[in-house]
Amino acid sequence: MNRRRCMAGLLVSATFSHGAAQAEPSWLKPGPRVPDVVLQDHTGASHALGSLCRRPVGISFFYTGCASICPPQTAAMRALRARLDAAAVQADDRSPLLLSISLDPLGDSPEALRAYATRFGARLGLDAGWLMLTGAPRSLERVWRSFDAPVGQPADHTALLWVGDATAGKWTRASALSPTARLVDLFTRGLA
Amino acid sequence: MRPWQLLVMACLLASGAAGVGAADARPAGGAGTVSAAAPGAGGAPFGRQLYHGLLPFAAGDAATSMRLPVELAACARCHGGAGEGTREGGVVAPSLRWRALTRTRDGLAAFGSTDAVLAAIERGVGRDGQALSAAMPRFTLQPDEARALLAYLERVGSRDDGPAGVDATTVRLGTILPLSGPAARIGQSLLAGLQGPIAAVNAAGGVHGRQIRLVVQDSAAGAAEALRALQARPVFALLGGLWNEDAAQLDPALAAAHLSHIAGWAGRARTPAAQGWSADLMPPRVRQHAALGQALQACANGPALAVASGLDGSAGTTAGTTAVDQAVDTADPHPATAVHWIDAQAPLDAQRFQAAQGCVGYTLEAAARVDRKLPHGWSRTMLLPFPAALLDGSTPDLWARLGALSAQLGIELLGRAGVSLHERSLLDALDRLSGFELPAGVPLQFGRGRRYGWDPQLLQIRTAPATLLSRGDPR
Numbered sequence: 227m228n229r230r231r232c233m234a235g236l237l238v239s240a241t242f243s244h245g246a247a248q249a250e251p252s253w254l255k256p257g258p259r260v261p262d263v264v265l266q267d268h269t270g271a272s273h274a275l276g277s278l279c280r281r282p283v284g285i286s287f288f289y290t291g292c293a294s295i296c297p298p299q300t301a302a303m304r305a306l307r308a309r310l311d312a313a314a315v316q317a318d319d320r321s322p323l324l325l326s327i328s329l330d331p332l333g334d335s336p337e338a339l340r341a342y343a344t345r346f347g348a349r350l351g352l353d354a355g356w357l358m359l360t361g362a363p364r365s366l367e368r369v370w371r372s373f374d375a376p377v378g379q380p381a382d383h384t385a386l387l388w389v390g391d392a393t394a395g396k397w398t399r400a401s402a403l404s405p406t407a408r409l410v411d412l413f414t415r416g417l418a
Numbered sequence: 010m011r012p013w014q015l016l017v018m019a020c021l022l023a024s025g026a027a028g029v030g031a032a033d034a035r036p037a038g039g040a041g042t043v044s045a046a047a048p049g050a051g052g053a054p055f056g057r058q059l060y061h062g063l064l065p066f067a068a069g070d071a072a073t074s075m076r077l078p079v080e081l082a083a084c085a086r087c088h089g090g091a092g093e094g095t096r097e098g099g100v101v102a103p104s105l106r107w108r109a110l111t112r113t114r115d116g117l118a119a120f121g122s123t124d125a126v127l128a129a130i131e132r133g134v135g136r137d138g139q140a141l142s143a144a145m146p147r148f149t150l151q152p153d154e155a156r157a158l159l160a161y162l163e164r165v166g167s168r169d170d171g172p173a174g175v176d177a178t179t180v181r182l183g184t185i186l187p188l189s190g191p192a193a194r195i196g197q198s199l200l201a202g203l204q205g206p207i208a209a210v211n212a213a214g215g216v217h218g219r220q221i222r223l224v225v226q227d228s229a230a231g232a233a234e235a236l237r238a239l240q241a242r243p244v245f246a247l248l249g250g251l252w253n254e255d256a257a258q259l260d261p262a263l264a265a266a267h268l269s270h271i272a273g274w275a276g277r278a279r280t281p282a283a284q285g286w287s288a289d290l291m292p293p294r295v296r297q298h299a300a301l302g303q304a305l306q307a308c309a310n311g312p313a314l315a316v317a318s319g320l321d322g323s324a325g326t327t328a329g330t331t332a333v334d335q336a337v338d339t340a341d342p343h344p345a346t347a348v349h350w351i352d353a354q355a356p357l358d359a360q361r362f363q364a365a366q367g368c369v370g371y372t373l374e375a376a377a378r379v380d381r382k383l384p385h386g387w388s389r390t391m392l393l394p395f396p397a398a399l400l401d402g403s404t405p406d407l408w409a410r411l412g413a414l415s416a417q418l419g420i421e422l423l424g425r426a427g428v429s430l431h432e433r434s435l436l437d438a439l440d441r442l443s444g445f446e447l448p449a450g451v452p453l454q455f456g457r458g459r460r461y462g463w464d465p466q467l468l469q470i471r472t473a474p475a476t477l478l479s480r481g482d483p484r
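Residue numbers (this note's numbering), protein chains in the order written: chain A, 227 to 418; chain B, 10 to 484.
Hints are computed from structural coordinates only; laboratory data are not their basis.
A portion of the hints provided could be inaccurate.
Here chain A is said to cover these stretches of chain B; the calculated rule only asks that three of the stretch's residues, wherever they fall, bring their Cβ under 8 Å from a Cβ of chain A [claimed, not checked]:
no.	region
1	87-99
2	274-285
3	367-379
For every residue, glycine included, the Cβ atom is placed at its ideal position computed from N, Cα and C.
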């Protein structure tokens, strides 16, 4: 286990401990390196991850076959998107973009992503500020490694949300199941 | 095995067992639908139906604080079908069995009453008054739902907490096979194969003390009609079925009936849905075509041709799939060679093979036709939807061998599922099947996101005996 993964594990453990105090987020500079890969969204359209990350982003990892943690995590992303929209954090091309990235390229075709989003009533697209992304295994593996997501063991993933600005080289992590207002704060105050 | 046997089998496997009866597989219900039966209907207690997601909570998405889709809100999804508890990633969903709830855990007090358990479900108040994890939804239950669910928690995971088709001494498994019409001999072979391992395990005492009873239904009237007949018997799960239509056409009806189908042999274009009720041994055609296409992209000495069944007319696109699926499956930023796709059912144009050298890949049913056209100097790759080990010539009746493999997998899953069974027990057991070989030497590759056990196999065909190119999905 590398140091960053160990830190991520500790963070999650703390998050789910009973009565854990909400600490101030610690920011990583420059944080993870965004790999130069192209991923596909729920329509099959291709996106260069580096281009997407020119905006402030919130990145989580999931897969549509996940039984327990992914549904609450996706519901939390949906709530976060709604609160960001209500807060109108940034207009224009600096508005935060949420990315839900698959851990299961064999199971998660664009159509599977589309069906999953439909079950949650999630509005996806660049204009909606939220993309679910899949891709070729070798491309996704590079993303997983950059963001400490488990490689080849999707069930081992945590509900971490990476919040960051790749242009500024500033990142932090929090449980996606944290109170929505706290996650919004990471964008409004942390990345302001 | 003789070539004609291969060809007959390949024709059946490749495109939905073409020629097996003239069935009508209209689904009995929509995909993922939940029975609209009244509380307590269907033979299972109301609380059991809520726990397992067989009935939705009355409040729909509003039943959970995080507004989960109602079909994802069932207790069993996180806490296990037998209430045994699960762990995924950093989240532990503890056991909900009554004896676990009413004992201390990790130094925290036991739940002292049903009211205390209800407070955990509805308000997230856990042992010693501590807040439950944010991953646990807070539920809004109707009074009758709360009563029924609490009553069921007192028996979840017990031996008498069984689904349809299961009692203390017997588990009934159904199969749908062509037992009449032109494919009747195939159906009989599959049936004989299924019966062998089941008879052996019954003679040895059964699985967890239960005898397996195989209930057979002819597919002549259509797979959907056969499924309805099996539901009335009733059965716990389906095993090793074969019918004419694409396997996916029965999936909505299986979901509506809460019946899993393990190791069926009807062809399938698309990858089985992870949340669905089917798990195959064979890879879907989309994976087969991706493997063939990727192998041919490396062709360095002339044109590359792929001859396969189930194409939809677009280059390299599997019928029943979308172009975007294929783009993800076959994406290669630097393909050496463009692959030309030819439908195995279409006439082969001799002009395609005019080059002195090239590469051709084909599925089993196209083998004989391609070989007749192919000049020397072309490399040949044959795609198999099953392990090459099955072509070792040791079994005169390959269909019977396939049937036996279905039975062996079903028996293994029943064993791993344990004494307490629920509707998705066999599918859940698939997720824990790591390392199980079927046939011997071929580890199955099931997982939570993967509902087929074998990777496509590629054989490089030479004038000498065939050489296995790859054992795995080349991606």
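### Query
Honestly, which of those hints from before does the structure not fit?
3
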